Amino acid sequence: MTATPHHADGTASPWVQRWTPLVAPGASVLDVACGRGRHMRWFAERGHAVTGVDRDTQALEAARAWGETVWSDIEVDPWPFEERRFGAVVVTNYLWRLLLPTILDSVQAGGVLIYETFAQGNETVGRPSRPDFLLRPGELLGLCSGPGWRVVAYEDGFLPEPERFVQRIAAVRLGDGATDSPQRFPLSDARR
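Residue numbers (the numbering used here): 169 to 360.
Hints listed in this document are in silico derivations from the structure and should not be mistaken for laboratory results.
Note that the structure is predicted; figures quoted are calculated from it, not measured.
It is possible that some hints are incorrect.
[To be verified] Computed spacing ranges between beta-carbons, pair by pair:
{"no.": "1", "residue 1": "Pro-299", "residue 2": "Gly-325", "range": "17 to 23 Å"}
{"no.": "2", "residue 1": "Ala-277", "residue 2": "Phe-326", "range": "33 to 39 Å"}
{"no.": "3", "residue 1": "Glu-250", "residue 2": "Thr-292", "range": "34 to 40 Å"}
{"no.": "4", "residue 1": "Glu-329", "residue 2": "Gln-288", "range": "16 to 22 Å"}
{"no.": "5", "residue 1": "Glu-213", "residue 2": "Thr-292", "range": "35 to 41 Å"}
{"no.": "6", "residue 1": "Ala-233", "residue 2": "Pro-328", "range": "30 to 36 Å"}
{"no.": "7", "residue 1": "Gly-314", "residue 2": "Glu-251", "range": "19 to 25 Å"}
{"no.": "8", "residue 1": "Glu-213", "residue 2": "Val-319", "range": "24 to 30 Å"}
{"no.": "9", "residue 1": "Val-319", "residue 2": "Arg-253", "range": "17 to 23 Å"}
{"no.": "10", "residue 1": "Ala-277", "residue 2": "Ser-240", "range": "23 to 29 Å"}
{"no.": "11", "residue 1": "Arg-304", "residue 2": "Val-244", "range": "22 to 28 Å"}
{"no.": "12", "residue 1": "Ala-321", "residue 2": "Pro-193", "range": "17 to 23 Å"}
{"no.": "13", "residue 1": "Val-293", "residue 2": "Ala-233", "range": "29 to 35 Å"}
{"no.": "14", "residue 1": "Glu-331", "residue 2": "Ala-212", "range": "27 to 33 Å"}
Ideal placement from N, C-alpha and C gives every residue a C-beta, glycine not left out.
Starting from the given sequences, assemble the full structure and let the hints guide the process.
As structure tokens, then:
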């Protein structure tokens, strides 16, 4: 039996579900490369103001049901949120390295980055297989290991159903009153 990828059935990624409790109640959420809006829906149903950006106009039509949608080819066009910061930025199954610093900068102080995408090794089991679209070992961890970030969770490995190699991270942006002192980051699988 072949497993159905979560994006195909419209359910939110288990990684996104698991780390949703890090996002402050009512915080704004940006879904980068949102597709049909499965994560927009997840956060909208939990009371968040959501914004999704994608270059697929048909997918954005579906995503519009859950919040604000912005059409942009973010790999070519200027970043459409230059003056905005979000309480959470969610990225799944998408990688454009030149945009990584901009994505991090879009998270407001005290906000959360939830990121999950394909990693090296995936070329042995399917697509994507080009190195441009596969994270190098420890790449997400290195991205969020500098000053101003607190990594709450990080994984780099193989998932069997469907077969894929992934890296994923949940990190909180520090600053403006948010400190690296002990905080109550939920570590359970509890869903909101």
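Hints, verified against the model:
no., hint, in the structure
1, Pro-299 to Gly-325: 17 to 23 Å, "holds, 18 Å"
2, Ala-277 to Phe-326: 33 to 39 Å, "holds, 35 Å"
3, Glu-250 to Thr-292: 34 to 40 Å, "holds, 39 Å"
4, Glu-329 to Gln-288: 16 to 22 Å, "holds, 20 Å"
5, Glu-213 to Thr-292: 35 to 41 Å, "holds, 36 Å"
6, Ala-233 to Pro-328: 30 to 36 Å, "holds, 32 Å"
7, Gly-314 to Glu-251: 19 to 25 Å, "holds, 23 Å"
8, Glu-213 to Val-319: 24 to 30 Å, "holds, 27 Å"
9, Val-319 to Arg-253: 17 to 23 Å, "holds, 20 Å"
10, Ala-277 to Ser-240: 23 to 29 Å, "holds, 25 Å"
11, Arg-304 to Val-244: 22 to 28 Å, "holds, 24 Å"
12, Ala-321 to Pro-193: 17 to 23 Å, "holds, 20 Å"
13, Val-293 to Ala-233: 29 to 35 Å, "holds, 33 Å"
14, Glu-331 to Ala-212: 27 to 33 Å, "holds, 31 Å"
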